[in-house]
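Enquirer: Modelling step: build the complete structure from the supplied sequences, incorporating the hints.
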Amino acid sequence: MKSGDASDYKSYAKQVNDRPVAMLRDLMKLKKADNALPLEQIEPNTELFKRFDSAAMSIGALSQKRTKRLPWR
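Each number in the numbering used here corresponds to the 1-based position in the sequence shown with 370 added.
By construction, these hints were calculated from the structure, which means they are not laboratory data. Please read all numbers here as calculations on a predicted model, not as lab measurements. Even for Gly, the Cβ is constructed at its ideal location relative to N, Cα and C.
Once the Cα atoms are required to be at most 35 Å apart in a straight line, the calculated DSBU-like pairs of lysine-lysine come out as:
hint, residue 1, residue 2
1, Lys402, Lys372
2, Lys399, Lys380
3, Lys372, Lys420
4, Lys372, Lys399
Restraint-style ranges between C-beta atoms, simulated for each label pair:
hint, residue 1, residue 2, range
5, Asp388, Thr416, 33 to 39 Å
6, Asp378, Asp404, 28 to 34 Å
7, Gly374, Phe422, 17 to 23 Å
Expert: So this is what it looks like as structure tokens:
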């Protein structure tokens, strides 16, 4: 969330989770793992973001303003 406020996120999440089914993904539920991964096995975000490719995003899903701010390769 842009504000970084936990209550804003909770409000947003409630709206998303309580909306009527509109797409197949709305019927899916996350399954929690039986055992959490140790933090040592989680890749740091600094390494993950190096592989983030804005060209893989659906341009139609982004506003023109947001599209112009992406770091195109």
